[in-house]
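S.K.: Since the structure of chain B is provided, determine the placement of chain R on it from the hints.
There are 2 protein chains.
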Amino acid sequence: MQIDGETKIVVIVGDPVAQAKSPELFNALFERYGVNAALVPLQVPPAKLGAVLDGLRGIVNLAGVVVIVPHKIAAAAYAADLSDAARQTGSVNCLRREMDGTWFGAMFDGIGFVKGLDACELIVRDKSVLLVGTGGAGAGVAHALVDAGVASLDLFDSNTESLQRLERALRSRGGTTLIRRSMPAAQAAHDFIVNATPCGMRANDPLPIDLTGAHPDAVVADLIMKPAQTRLLEDARARGLATHLGRYLLESSVETMAAFLRLVP
Amino acid sequence: MQIDGETKIVVIVGDPVAQAKSPELFNALFERYGVNAALVPLQVPPAKLGAVLDGLRGIVNLAGVVVIVPHKIAAAAYAADLSDAARQTGSVNCLRREMDGTWFGAMFDGIGFVKGLDACELIVRDKSVLLVGTGGAGAGVAHALVDAGVASLDLFDSNTESLQRLERALRSRGGTTLIRRSMPAAQAAHDFIVNATPCGMRANDPLPIDLTGAHPDAVVADLIMKPAQTRLLEDARARGLATHLGRYLLESSVETMAAFLRLVP
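Chains B and R, in that order, are what the protein sequence lines are.
Once you know that position 140 of the first sequence is 140 in my numbering, the rest is easy, because the numbers rise by one and skip nothing.
Once you know that position 201 of the second sequence is 201 in my numbering, the rest is easy, because the numbers rise by one and skip nothing.
Rather than coming from a laboratory, the hints here were simulated on the basis of the structure.
Accuracy of the hints is not assured; some may be wrong.
Which copy is meant is left open, so a pair is good if it fits within one copy or across any two.
What the hints assert, rightly or not - Only pairs whose alpha carbons sit at most 20 Å apart, straight line, appear in this in silico SDA-like list of lysine to any residue:
1. LYS21 with ASP4
2. LYS21 with ARG87
3. LYS226 with ARG125
4. LYS21 with MET1
5. LYS127 with THR243
6. LYS226 with LEU245
7. LYS115 with MET225
8. LYS127 with ASN36
9. LYS226 with PRO216
10. LYS21 with GLY101
11. LYS127 with ARG173
12. LYS127 with LEU241
13. LYS226 with ALA18
14. LYS21 with PRO206
15. LYS226 with ASP4
16. LYS226 with GLN2
17. LYS127 with THR256
18. LYS115 with THR7
19. LYS127 with LEU178
20. LYS21 with VAL60
Same shape as in the complex, but just chain B (with noise of 0.2 Å):
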């Protein structure tokens, strides 16, 4: 890759930023492309983050913002305007700088991660999910499942609060998919397993999902990404389950994301 003074920049703010992979996967995309430009990595801390946004929406060759931990939902109070999916989720992953240096606001992590399924022939249409973690990635991913048609979604998050929103706009969204409470245990009839939280970054965090009681044939999906193999997939490995890497998410949602910034067709 070669930047010059036409190069394009997309920036990833997050705290800490070292171990996103998304300057790699876009970069890479970039030059598939033939397209000029760059995507860096800015390390903001949570209380500088509204200076660095209002900063960022007066650099007229700055397509857009890709947003990480910690600053999803605060990302999304800057947005003059929401997608759907960060309407439905209160957070974004991606900031799009429209022509008048406004924010438009959206959320592509629920996608990326059912499409991510999909791409390893994982189809979950009709079939029954434990998602424990109800953030901003744990609800893009709720709503997701919702849109792919997912018969049964049920939900943990030790945050009673952020637990009841989601339930909430889960069920005003109508449909047919069961949405219930559960405790952070697997159960026979579940055909998915997801870690939404972020336990499993740090070597000593806790299992955030007990597999006791999981179906030999369950697919345990964790969203974190570094490390790749947290203690829950190894955990899942050991007990002969399937296993669903986080970087799947990210890297069937760079395209879409890109396209939204208007870099790529």
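M.R.: Structure of chain R alone, referenced to chain B:
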């Protein structure tokens, strides 16, 4: 070059910025040193400079900002502290982000210009120089020429205020260099004839200096980098005079600036 989550970021702010050569030069330097850093261009309109610099201050992995036209004077006001050359010229071409999130401003244009001449074995000590243009770039070059021991410095600017400010600043330094006011016309006594105005960036710009009276051994230098061959340099070549390109200034100061930003030894 490969950008990942741990890459340190430097930005260049200008308006326009498409013509900037810093991205290629800095990124090649980082590659040569095996440093995980990248410089990216940001097009920032003057009205947005304050907000952009305030935002950039909040980015932990931002090493600093390279500042080009038209922001060199305005950006100095955002620095908590200034180098001698920045103070003398009232302008900065580089802001380093300190640990506490403040900016330290420095100006390397002048020393870069003299270093660029040195690299071409063009020695200014005890020589007579005509300098046209006394804005940020011109002032930086003027102070560096005095530092380098020129015998006389003839100054012109159509902006009398800018001209008087520079005359006062140079005279207040004491020393032996003759500081004189001049017309924008070469005389036989001038060893070096320097354009530090933006006149020549556009194809239809008038000539900033009349070379009719130039000595056949005079060297004509232009600080403009794009186009490489300005109308002034073409006129000089047509008259058989030696020429010195604008890009030598930048090429000679890139390593100094990267060291100032603490990215190379």
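S.K.: A separate judgement is required for each hint: does it hold in the structure or not?
M.R.: Structure-based check of all given hints:
1. LYS21 with ASP4: Result: close only across copies, 7 Å inter versus 23 Å intra.
2. LYS21 with ARG87: This pair counts as neither: shortest intra-copy Cα distance 25 Å, inter-copy 42 Å.
3. LYS226 with ARG125: neither (28 Å within a copy, 58 Å between copies)
4. LYS21 with MET1: both (16 Å within a copy, 16 Å between copies)
5. LYS127 with THR243: within (16 Å within a copy, 75 Å between copies)
6. LYS226 with LEU245: within (10 Å within a copy, 49 Å between copies)
7. LYS115 with MET225: within (16 Å within a copy, 48 Å between copies)
8. LYS127 with ASN36: neither (42 Å within a copy, 45 Å between copies)
9. LYS226 with PRO216: neither (26 Å within a copy, 66 Å between copies)
10. LYS21 with GLY101: So LYS21 and GLY101 fail the 20 Å test inside a copy (27 Å) and across (26 Å) alike.
11. LYS127 with ARG173: within (19 Å within a copy, 80 Å between copies)
12. LYS127 with LEU241: Within one copy only: 17 Å inside, 81 Å across.
13. LYS226 with ALA18: within (10 Å within a copy, 36 Å between copies)
14. LYS21 with PRO206: Neither: 24 Å inside a chain and 50 Å across chains, both beyond 20 Å.
15. LYS226 with ASP4: between (31 Å within a copy, 14 Å between copies)
16. LYS226 with GLN2: between (28 Å within a copy, 19 Å between copies)
17. LYS127 with THR256: neither (25 Å within a copy, 61 Å between copies)
18. LYS115 with THR7: Close neither inside one copy (30 Å) nor across copies (29 Å); limit 20 Å.
19. LYS127 with LEU178: within (11 Å within a copy, 87 Å between copies)
20. LYS21 with VAL60: For LYS21 and VAL60, the Cα distance is within 20 Å only across copies (18 Å; inside one copy 25 Å).
The structure does not agree with the numbered hints 2, 3, 8, 9, 10, 14, 17, 18 stated previously, though it agrees with the rest.
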